[in-house]
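So the chains spell out like this:
2 protein chains.
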Amino acid sequence: MTLYDIPTPSAIIDADIFERNCARMKQKAASLGVALRPHLKTGKCLEMALCQMTSPQGPATVSTLLEAEVFFRSGITDIIYAVGITPAKLPGCKALIREGCSLKIILDNTAAAKGVSAFCAAEGVTIPVLIEIDSDGHRSGVRADSALLLEVAGCLAGGAQLAGVLTHAGDSYKCSGADCCAMAAENERAMAVLAAERLRAAGYAVPIVSVGSTPTAVFARRLDGVTEMRCGVYSLFDLVMAGIGACSLEDIALSLLVEVIGHQPEKGQIITDGGWMALSRDRGTASQQVDQGYGLVCGIDGKPLDGLIVCSANQEHGIVTRRDGGPVDISRYPVGTRLRILPNHACAMGAQHPFYRVVRSGMDVKDTWKRFSGWYEI
Amino acid sequence: MTLYDIPTPSAIIDADIFERNCARMKQKAASLGVALRPHLKTGKCLEMALCQMTSPQGPATVSTLLEAEVFFRSGITDIIYAVGITPAKLPGCKALIREGCSLKIILDNTAAAKGVSAFCAAEGVTIPVLIEIDSDGHRSGVRADSALLLEVAGCLAGGAQLAGVLTHAGDSYKCSGADCCAMAAENERAMAVLAAERLRAAGYAVPIVSVGSTPTAVFARRLDGVTEMRCGVYSLFDLVMAGIGACSLEDIALSLLVEVIGHQPEKGQIITDGGWMALSRDRGTASQQVDQGYGLVCGIDGKPLDGLIVCSANQEHGIVTRRDGGPVDISRYPVGTRLRILPNHACAMGAQHPFYRVVRSGMDVKDTWKRFSGWYEI
Chain A
1 MTLYDIPTPS AIIDADIFER NCARMKQKAA SLGVALRPHL KTGKCLEMAL
51 CQMTSPQGPA TVSTLLEAEV FFRSGITDII YAVGITPAKL PGCKALIREG
101 CSLKIILDNT AAAKGVSAFC AAEGVTIPVL IEIDSDGHRS GVRADSALLL
151 EVAGCLAGGA QLAGVLTHAG DSYKCSGADC CAMAAENERA MAVLAAERLR
201 AAGYAVPIVS VGSTPTAVFA RRLDGVTEMR CGVYSLFDLV MAGIGACSLE
251 DIALSLLVEV IGHQPEKGQI ITDGGWMALS RDRGTASQQV DQGYGLVCGI
301 DGKPLDGLIV CSANQEHGIV TRRDGGPVDI SRYPVGTRLR ILPNHACAMG
351 AQHPFYRVVR SGMDVKDTWK RFSGWYEI
Chain B
379 MTLYDIPTPS AIIDADIFER NCARMKQKAA SLGVALRPHL KTGKCLEMAL
429 CQMTSPQGPA TVSTLLEAEV FFRSGITDII YAVGITPAKL PGCKALIREG
479 CSLKIILDNT AAAKGVSAFC AAEGVTIPVL IEIDSDGHRS GVRADSALLL
529 EVAGCLAGGA QLAGVLTHAG DSYKCSGADC CAMAAENERA MAVLAAERLR
579 AAGYAVPIVS VGSTPTAVFA RRLDGVTEMR CGVYSLFDLV MAGIGACSLE
629 DIALSLLVEV IGHQPEKGQI ITDGGWMALS RDRGTASQQV DQGYGLVCGI
679 DGKPLDGLIV CSANQEHGIV TRRDGGPVDI SRYPVGTRLR ILPNHACAMG
729 AQHPFYRVVR SGMDVKDTWK RFSGWYEI
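Which chain is which? The protein sequence lines are A and B, in order. Heads up, the first sequence is in the working numbering, so the first residue is 1 and it goes up one at a time. Heads up, the second sequence is in the working numbering, so the first residue is 379 and it goes up one at a time.
Rather than coming from a laboratory, the hints here were simulated on the basis of the structure. Accuracy of the hints is not assured; some may be wrong.
[As the list claims (entries may be wrong)] With a straight-line Cα cutoff of 27 Å, these simulated BS3-like cross-link-like pairs (lysine-lysine) come out:
#1 K472(B) to K267(A)
#2 K552(B) to K406(B)
#3 K267(A) to K26(A)
#4 K748(B) to K404(B)
#5 K370(A) to K748(B)
#6 K114(A) to K645(B)
#7 K472(B) to K492(B)
#8 K552(B) to K267(A)
#9 K744(B) to K681(B)
#10 K174(A) to K645(B)
#11 K303(A) to K267(A)
[Said to hold, decoys possible] To list a few chain A residues with every Cβ distance to chain B over 10 Å, as calculated:
#12 K28
#13 L46
#14 S55
#15 L65
#16 G75
#17 V83
#18 K89
#19 T126
#20 E151
#21 P207
#22 D291
#23 H317
#24 R360
Cβ coordinates follow ideal geometry from the N, Cα and C atoms, glycine included.
Okay, chain A solo, but in the shape it has when bound (with noise of 0.2 Å):
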């Protein structure tokens, strides 16, 4: 079966990109002397977390407990649900450990760190705690250099026990280059051990200092004092990724197969199968240095075409045109033509899909990898 047999749209992964890429991080991640705990939120797919992983048993991240339990249930338990913690998602967390999983959460604030201590002891569950740390001022964490990281540990009691501090440089996103990259990444590294070193300065055990993001993980040259680092978008990169210098189009491991459904001669556009709801509304390159649209267009053999994008996306129509906004030669797209389109954000186009139809050695679809969605079950 090809890609010619499946119908569309699809999402396609290269599993021989998609193994490369995982295989590559692993090397970096030995390299450094660091333990690689990849975020399993990109592909929420056992195929996929297996490949990215270590071990089959972890360390693994994820950004949801529905990806905890699934996972856990699968065998991998040395988890961290690495999205700040709140009071109503304890008895969740304290049902996974007491079935042996090591799951460990994050927090940065006394409210959620005094919520915790109070639930491990009501509960008489022992819950390993790390504190998020704000290395760039990207989103959540507390500041590595502020009085508040102390007094956030201060907060645990009992069975809510400090595990060690995570970062994750999220305007890493918003680099452009290896130095760009390799800056944020020693900052990162930096922040997350200054909050280390105070923390044990303060009589703390900190065991576990973790840093990560696709695009520090990359080009990152050193993580002296850091214990391990985590990446996701990097298994399968995208076009976000390529336009911060990640990656290049080629290790992009994610795409939508679509077929010319009709064109629009007189504007010289051609329109398919793949609107919004196959690609997401994902527009992460139009604030990039080249904007991609809704994605780049290849052939069915995955090759980029000559500056085709995905200008515009209704929900399950995709039009294309060229880069440039100039008409489309149409009469080499005919009404039935197969192309692939890389995504801007290969996450949010995963997550719009069911599963992965996975292709080996250019168009030869091998198998069906599943993906789960939500947040929990019913």
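Assemble the complex: chain A is given as a structure, and chain B must be docked to it using the hints.
Just chain B now, with coordinates in the frame of chain A:
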């Protein structure tokens, strides 16, 4: 069970509002003397479909073959698959028709028309075909006044039976206010009727004259010559529709229940567990007069708070600020506070969720409605 008792993030449908929206649109269609053929792509949910439709058998509109299959298995028989057909999708259409589905397809070019005719001849099947009309240069379709219209009709032969014309005033989404939408509705009507009349003058029967989009359906003043109208997002409404003036904020039936997970006190920002994975990446209000970010923040009762929006979003984090960029009084929103976010686009937000939690009388969770996703089953 209330909204305090379910996990976050959760997609919430206020059934009282949803049912009112459905009833109003039925009444509107009846008052205009046309059938209502609701689009089921917004919900992808049987409970929603049954409330939207004027009978359990339809009529209905879908955007994918999977929608047609799932809804047909649930008893809906009168279906238009309103995305331009390609040869690869015809076997799926044939299977549904053979099972008794009154499935109609659309196309806008001679290649597709010839393909359907050849398929029908080879397979001995009859497939009703609507010609898609481009009434406003929005996307796909042939112009009502073009020679191409008659050429396409001329390519339909044998089992490929002309059943009518169909248009979608997609550019009505760029309108603001009743007059603009009413003009778009009149143009949509006039173009569909012109196409039908030209086909009739050429000797074709044109039983179906189908128009529709939510803004034009809400504001249409007359639909003479039209047989049916299609619309979907009116059932839930959203911020884009409110920005157009097609509804008020009180008509929006869909929201995202989130919880405060932290703050950035120095920036006056609230961080919630409702990121783009739960809200979608849709930024439809960005091009409107009032940019609502990734969504408008309400209290748990669904009533908008004072000018708070989700200003940015990561996969599982939503960052809340004031629309004017000023700091939020974060002391009013401690960790664990529950909020509801009105979405930019109901179709896009819904697609991020495997099910909806259904509330009545404000905050009482009364039901769970499943929705489906994807394009085909494996």
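Evaluated hints:
1. K472(B) to K267(A): Roughly 33 Å separates the two Cα atoms, so the pair is violated.
2. K552(B) to K406(B): Holds, because 22 Å separates the two Cα atoms, which is no more than 27 Å.
3. K267(A) to K26(A): Measuring from Cα to Cα gives roughly 47 Å; hence the hint is violated.
4. K748(B) to K404(B): OK: K748(B) and K404(B) at ~24 Å, within 27 Å.
5. K370(A) to K748(B): Distance ~19 Å between K370(A) and K748(B) Cα, so the pair holds.
6. K114(A) to K645(B): Holds: K114(A) and K645(B) sit about 23 Å apart, inside 27 Å.
7. K472(B) to K492(B): 16 Å, holds
8. K552(B) to K267(A): 20 Å, holds
9. K744(B) to K681(B): 20 Å, holds
10. K174(A) to K645(B): 20 Å, holds
11. K303(A) to K267(A): Holds, because 25 Å separates the two Cα atoms, which is no more than 27 Å.
12. K28: With a cut-off of 10 Å, K28(A) remains clear of chain B, as the shortest Cβ separation is near 23 Å.
13. L46: Correct as stated: the minimum Cβ-Cβ distance to chain B is 16 Å, above 10 Å.
14. S55: 25 Å, holds
15. L65: 8 Å, violated
16. G75: Nearest chain B Cβ is 24 Å from G75(A), so the label holds.
17. V83: V83(A) is in fact no farther than 10 Å from some Cβ atom of chain B, at 5 Å.
18. K89: 7 Å, violated
19. T126: 21 Å, holds
20. E151: 12 Å, holds
21. P207: 23 Å, holds
22. D291: 15 Å, holds
23. H317: 6 Å, violated
24. R360: Nearest chain B Cβ is 18 Å from R360(A), so the label holds.
The structure shown violates the earlier hints numbered 1, 3, 15, 17, 18, 23.
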